[in-house]
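Same order as they appear, the protein sequences are chains A, B, C and D.
Taking our numbering, I'd label the letters of the first sequence as residues 542 to 859.
Taking our numbering, I'd label the letters of the second sequence as residues 5 to 628.
Taking our numbering, I'd label the letters of the third sequence as residues 61 to 301.
Taking our numbering, I'd label the letters of the fourth sequence as residues 7 to 208.
By construction, these hints were calculated from the structure, which means they are not laboratory data.
Just to be clear, a hint being listed does not mean it is correct.
Some but not every residue of chain B turned toward chain C, in silico, with C-beta under 8 angstroms [to be verified]:
hint	residue
1	19
2	23
3	73
4	151
5	154
6	155
7	156
8	160
9	233
10	234
11	238
12	241
13	243
14	244
15	567
Beta carbons: idealized from backbone N, C-alpha and C, even for Gly.
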Amino acid sequence: MTFFAHLAFVHQSALDPAGEHARAIARLWDVFLGITTVIYVLVMIALVVGLLRKREGDASRNPRSTYVIVSIAGGLTVVILFGLLIASIFTGRAIAERPKNAIGITLRGKQWWWQVEYEAAHPSNRILSANELTIPVGVPVTLHLHSSDVIHSFWVPGLHGKRDLIPGHDGSITLLAEKPGVYRGQCAEFCGVQHAKMALWVNAVSPSDYARWADAERTPARAPQTEAEIAGQQVFLRAPCPLCHAIRGTDASGSTAPDLTHLATRRSLGAGALPNTREALGGWIVDAQRAKPGCQMPSINLRPDELSALVDYLGSLR
Amino acid sequence: MNELEERALLEKTWANESGPFAWFRQVDHRSIGRRFLFTAFVWFACGGVLAALMRIQLARPNNAFLSADRYDQIFTLHGITMMFLFGVPVMEALAVYVLPLMLGTRALAFPRANAYAYYLFLFAGIMVYTALLLGMAPDTGWFSYVPLASPMFGPGKRVDIWAELVNFTEISALVVAIEVVVTILKQRAPGMSIHRMPLYVWSMLVTAMMILFAMPSVMVASNFIGLDRLVGTHLFNPAEGGDVLLWQHLFWFFGHPEVYIIFIPGLGIVSSITAVFCRRPVFGYTAMVLSLVATAFMGFGLWVHHMFATGLPQSGESFFTAASMMIAIPSGVQIFCWIATIWLGRPSYRPPFLFVLGFLAIFVIGGLTGVMVASVPLDLQLHDTFFVVAHFHYVLIGGAVFPLLGGIFYWFPKMTGRLMNERLGHLSFWLTFVGFNLTFFPMHKLGLAGMPRRVYTYLPETGWTTLNVLSTIGAGILSLGMLVYFGNALWSMRRGRAAGSNPWDADTLEWSTSSPPPVYNFQHLPVVTSREPLWHEPDQAPIVTGLAPDKREVLITRVLDAAPDHRYTYPHPTVWPFASAVITGMMLVAGLFTPWAFAIGMALLAIFLTGWFWPSNPKKEGDA
Amino acid sequence: MTSSDALPFAEADEYASRRKGLALKRRGPCPLAMTSSDALPIAEADEYANRREGLALKRRGPCPLAMRRVAVLLLVFLALGCKREQRQYRQPPPPTPVKDLRLGRLSPGPTPKIVGIRNPYQGNALAISEGKRLFGAYNCVGCHANGGGGMGPPLMDEKWIYGSEPQNIFATIVQGRPNGMPAFGDKIPDTQVWQLVAYVQSLSGNESALATNGRPDQMQVHRQDQSLPELPPRAAPAVHP
Amino acid sequence: MSARATIDVSELPAHAFGNRSIMWWATVGVIAIEAAVFAATIATYFYLQGNEKSWPPADTPLPDLLWPSINVLILLVSLVPNQIVKSAAEHHNLRTIRIGMIVADLFAVAFVVVRALEFRHLNVSWDSNAYGSITWTLLGFHTFHLVTDLADSIVLTVLMFSRHAHEGKRFVDVAENSFYWYFVVISWIPIYGVLYWAPRLL
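Kindly generate the complete structure, drawing on both the sequences and the hints.
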């Protein structure tokens with residue numbers, strides 16, 4: 542059984558590009574790798590031959606031919622490096638372009654999770670989520686990157702290179718997914734004790750699916766149905782939860798922790814610390830510090846029946 | 005006065021006096037140099053153990069061997085150790101021992117300052133490893149980026165310890181750098197004009213110069229962070245006009261030259277060994293020297309390539325890409341020259357030369373991956389991943405540690421009078437070589453597969469497990485190789501085969517005196533008439549007479565042509581350097597807690613330094 | 061695999077049994093949870109027990125190791141250092157005073173001192189900075205400003221209506237007080253309340269300045285928030301080489 | 007052995023001045039380090055200035071010009087006794103050295119006193135904003151290197167009144183000390199410009 546039952550594998554490789562930018566970089570990589578490999582092989586051959594060749598004459602002489610060869614080698618180095626430089630600069634230009642009609646998403650790095658906010662003219666159309674981005678295939682998406690605590694770095698290798706989220710220096714990065722899929726990324730700048738567990742996912746879906754998803758996300762939370770769920774909602778509102786978490790459609794409106802309105806649709810808890818399963822959720826609530834020591838989710842004291850009701854309720858938030 | 009009387013008198017003049025506290029009074033470059041080397045290798049071993057712990061932790065996903073907090077302290081301290089407590093100091097330490105012998109002089113310039121530098125370096129390591137044992141070691145990485153290191157996000161004293169450690173080690177490194185520069189420029193044997201200096205000497209000159217200009221930058225940075233944390237300045241507080249990227253500029257303006265500071269001496273060692281074991285001078289002396297100097301200059305022009313992911317203007321990025329790639333040219337030229345030397349020479353496969361061959365095989369890879377990370381687009385993918393970890397270990401272990409191991413093997417007989425065991429030498433070489441590549445080559449792939457640096461654990465689904473296991477196995481082999489090497493050294497110190505004054509039939513002056521050298525290095529300073537003095541009838545070479553044997557007198561020569569200029573008398577052993585170092589250490593440690601420590605500490609230090617510089621008595625006075 | 065997969069339920073399960081001895085009734089028990097859980101309870105239990113006795117801070121971490129190694133002088137650092145630098149992320153809720161706590165009169169004046177309970181985070185740097193974060197996150201700032209006071213009383217001075225002892229502050233936060241101080245009893249977990257207590261104490265200088273963090277990465281706040289409250293604004297900063 | 011050619015150095019002097027002496031080279035090394043420190047700090051100053059719309063930031067008054075300007079004068083004048091001491095040292099003229107050094111030290115003391123007033127008239131605290139921080143830090147660094155040199159000079163002055171004063175290398179020390187003072191002066195001019203004129207002109 543894999544960590545994410547509904548995920549065949551984790552796609553997090555720079556060598557298997559699924560986005561326009563990542564593809565450009567991968568192409569450049571092939572060029573560099575090819576050329577440098579050839580150079581290395583040649584140098585090593587020269588070295589080995591130099592070691593094994595038959596000797597004749599006085600060891601301390603400096604024949605003209607050697608000067609010529611060494612100078613040629615030096616010259617070639619310059620030429621090759623220049624070629625690589627040009628290739629690099631062109632690729633750099635290509636991946637730096639910023640399209641106008643891009644979908645705008647604000648991504649805030651926090652210790653240690655990602656706050657996602659889809660920009661929209663009308664506030665009610667904003668979508669607030671955490672640790673997961675859903676984007677349409679073939680449409681450029683521009684992420685506006687902010688950090689309010691320490692430096693983080695956004696990196697989804699399958700789609701693009703890194704971009705740091707630096708307090709006081711807002712940046713942005715544009716993604717363009719070329720094929721549908723789920724692309725994992727994680728924070729790439731050391732940001733404290735849980736730097737290792739600060740993952741995020743990009744779901745690239747067809748534009749129609751994207752529209753459907755967006756509509757679903759905009760709706761407030763699904764009202765509790767079964768009495769367990771109703772009880773669970775009571776627990777949620779009575780327990781410490783609302784102080785930090787929000788569930789649209791209820792009184793819970795905390796803003797310092799992930800918005801839980803559609804919690805059940807997400808892949809993971811604690812930015813990749815745990816799978817979003819019933820068991821994990823229970824454990825996460827009562828002892829988050831075990832799965833992610835140092836994270837800002839406290840351990841909540843709940844009676845077992847409370848816990849189970851709460852888990853039922855949260856599990857119903859699709 | 006005949007030869008024997010003169011020797012006896014010199015013996016008496018330069019001898020380290022005995023007695024309970026004599027150890028703290030010694031100032032001669034051989035004993036300080038040996039301690040320096042030994043201490044540096046002790047910290048190296050500690051750093052190695054930390055590395056092993058990290059490899060164990062990463063050997064399997066979701067491993068609970070180390071807690072996140074502990075892992076952060078360990079990877080931070082591993083970096084700090086290798087950069088501040090081993091990389092730079094060990095190269096300076098070797099120079100402290102070898103340079104005066106290679107230059108044909110009786111002492112290193114400013115011997116007392118040298119002792120002071122050593123004790124500071126010693127205290128630095130003790131402080132930071134004590135902190136680790138107390139569970140309060142720095143945990144923000146050796147680069148200690150703000151705001152993670154700022155007072156708000158770095159509670160406790162951990163980052164302050166980092167800042168003081170930087171002060172300790174950089175003061176020490178700067179002092180030694182000045183001694184090295186002065187010794188090289190003013191104390192060369194008569195006739196060793198600037199174009200006859202051995203390449204190792206050139207590399208140390210270049211290194212010392214780089215230290216003088218690079219290290220102040222990090223000291224400024226560390227004191228800035230100290231002020232922010234201790235007295236509430238806002239230099240790095242974005243909300244009050246401070247700037248967090250400022251830190252990265254200051255740090256990398258030091259941090260990048262630091263890499264060259266660490267491996268340029270290695271290049272010098274490689275040149276020495278290559279020449280001796282290929283039985284011919286290194287091909288293209290002038291090209292080699294110019295490459296070293298060019299590397300030093302370019303080294304200051306590419307710090308920004310550590311910051312590509314922060315998003316800089318296109319033009320700036322292109323410039324720093326170009327600069328970063330161009331620095332591959334001088335390195336390339338040197339590689340070609342060594343290969344040419346091997347090609348033309350008569351290689352003999354003894355352990356020091358094997359380590360040089362290992363250096364060539366590894367360092368070239370490091371250089372080529374360096375060209376990759378110099379490219380902005382590639383760097384956006386590779387930056388802060390295990391690919392970079394692999395890259396700089398290929399550069400630093402390949403470029404500095406392998407030559408160093410070769411160099412220790414090479415100069416060991418000069419230091420101890422005994423040769424290291426060659427069979428064990430071969431064994432240790434193959435173990436370290438195989439172990440190294442098995443440890444670090446997979447990391448290239450790991451980085452491309454998306455594994456970031458500085459993570460204390462990872463998920464099984466990421467598919468990184470196999471490569472990590474390989475790497476951990478490699479680390480085991482590498483450690484084994486190191487054990488064999490240092491075991492060999494310790495064993496040979498007592499039981500090794502006795503070495504004559506010149507066991508390798510080498511060309512430079514240190515091999516013209518006995519092994520180990522007498523306390524006065526040379527009874528008669530040699531006079532140099534060629535680049536390889538010992539390869540051209542050394543017995544006919546003229547010698548220097550007339551240095552007073554009853555004073556610690558050295559010959560000062562002119563900068564360019566090394567013509568004798570005047571005589572200078574160095575001071576006798578004293579405890580002041582040690583005492584001053586203790587005061588400095590107490591000041592810096594107290595400075596963790598209150599800024600006033602520096603006011604009081606400086607006052608105390610002034611008193612001690614006065615005691616240091618005050619001439620002991622008119623007959624044997626002098627200061628350093 | 062995976063252990064991480066299994067742990068949570070086991071955790072929840074055994075956590076529950078800890079508190080009430082009740083077992084959380086498990087829907088469709090996942091086998092993996094079973095397998096990996098059996099090892100846990102024992103280890104967990106005695107670790108928990110140790111923590112109960114408040115030994116955790118001393119027992120865990122490298123301190124005993126250090127004791128053996130470092131010289132006498134360093135033992136001083138050890139005492140300070142370890143306490144201050146402890147990063148005990150999985151503190152169980154320490155014994156709560158509230159249950160057995162009754163304040164005589166909720167009016168100004170001397171308050172009965174609650175005995176036998178100490179703040180497990182006294183002098184701990186991480187706890188204080190966490191408390192600082194929570195002070196903002198839970199909007200204590202709203203009424204108390206940054207300790208300067210507003211709607212609510214200032215916290216930086218020495219005047220404490222309901223007692224300045226850590227346990228009194230704890231009680232004040234948990235039970236609430238007349239004229240606006242809400243009861244956060246079941247809103248804020250005890251661990252975090254203690255962290256807030258540690259921070260609030262640091263505001264009035266009742267915490268070691270060495271353990272409190274310096275200026276925040278925010279707009280200037282009052283001086284007391286800095287590590288050197290007594291430093292006169294015009295005195296020269298000690299600058300070292 | 008006797009067959010070998012020899013170079014007899016017993017006739018060479020036991021000390022030398024200027025770039026012939028190792029003390030001079032060491033001093034140059036120290037100067038290089040401190041120059042690098044000041045360069046990094048000044049670069050920081052302008053980097054931070056680049057982040058602000060106005061410099062000094064809104065409602066932060068400018069630093070007063072009076073005292074620092076006086077200090078510039080003090081330093082420039084102090085070059086006279088300094089140069090006298092230097093040449094006196096090179097001519098082994100002990101009497102002039104002793105008088106000259108006392109005068110030079112007095113100048114340095116005056117400078118430090120005025121420096122205290124300077125700090126009082128920066129009109130900003132180091133912890134009020136980044137501008138205040140970097141201003142205090144830059145001035146602090148310069149004060150530090152000034153005070154250390156002052157202490158050094160005083161010790162040397164006392165030494166020149168002791169029985170050790172007559173040894174040749176003492177004169178070299180004096181000469182190098184004066185040489186270093188030139189750097190103290192030269193480094194102050196740009197820092198003065200940065201701290202007091204950059205906020206006004208730039």
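How the hints compare with the structure:
At about 32 angstroms, the closest approach between the beta carbon of residue 19 (chain B) and any beta carbon in chain C exceeds 8 angstroms, and the interface hint on this residue is violated. Nearest Cβ of chain C to the Cβ of residue 23 (chain B): about 24 angstroms, over the 8 angstroms cut. The hint is violated. Hint status for residue 73 (chain B): holds, given a least beta-carbon distance of 5 angstroms to chain C, under 8 angstroms. Contact between residue 151 (chain B) and chain C, as hinted, is supported at the beta carbon level, the nearest pair being about 5 angstroms apart and thus within 8 angstroms.
For residue 154 (chain B), the suggested interface contact is upheld, since its CB lies about 6 angstroms from the closest CB of chain C, less than 8 angstroms. The criterion of a C-beta within 8 angstroms of any C-beta in chain C is met by residue 155 (chain B), whose closest approach is roughly 3 angstroms, and the hint holds. Checking residue 156 (chain B) against chain C by beta carbon gives a least distance of about 4 angstroms; that is within 8 angstroms, so the hint holds. Below 8 angstroms, beta-carbon pairs count as interface contacts, and residue 160 (chain B) has one with chain C at about 4 angstroms; its hint therefore holds.
Nearest Cβ of chain C to the Cβ of residue 233 (chain B): about 5 angstroms, under the 8 angstroms cut. The hint holds. The interface hint given for residue 234 (chain B) holds, since its Cβ lies 6 angstroms from the closest Cβ of chain C, which is under the 8 angstroms cut-off. Checking residue 238 (chain B) against chain C by beta carbon gives a least distance of about 7 angstroms; that is within 8 angstroms, so the hint holds. Interface restraint check: residue 241 (chain B) against chain C, minimum CB-CB distance 5 angstroms, threshold 8 angstroms, status holds.
Checking residue 243 (chain B) against chain C by beta carbon gives a least distance of about 5 angstroms; that is within 8 angstroms, so the hint holds. Here the hint on residue 244 (chain B) is kept, as its CB sits about 6 angstroms from the closest CB of chain C, short of 8 angstroms. For residue 567 (chain B), the suggested interface contact is broken, since its CB lies about 37 angstroms from the closest CB of chain C, more than 8 angstroms.
Comparing the model with each numbered hint stated earlier shows that hints 1, 2, 15 do not hold.
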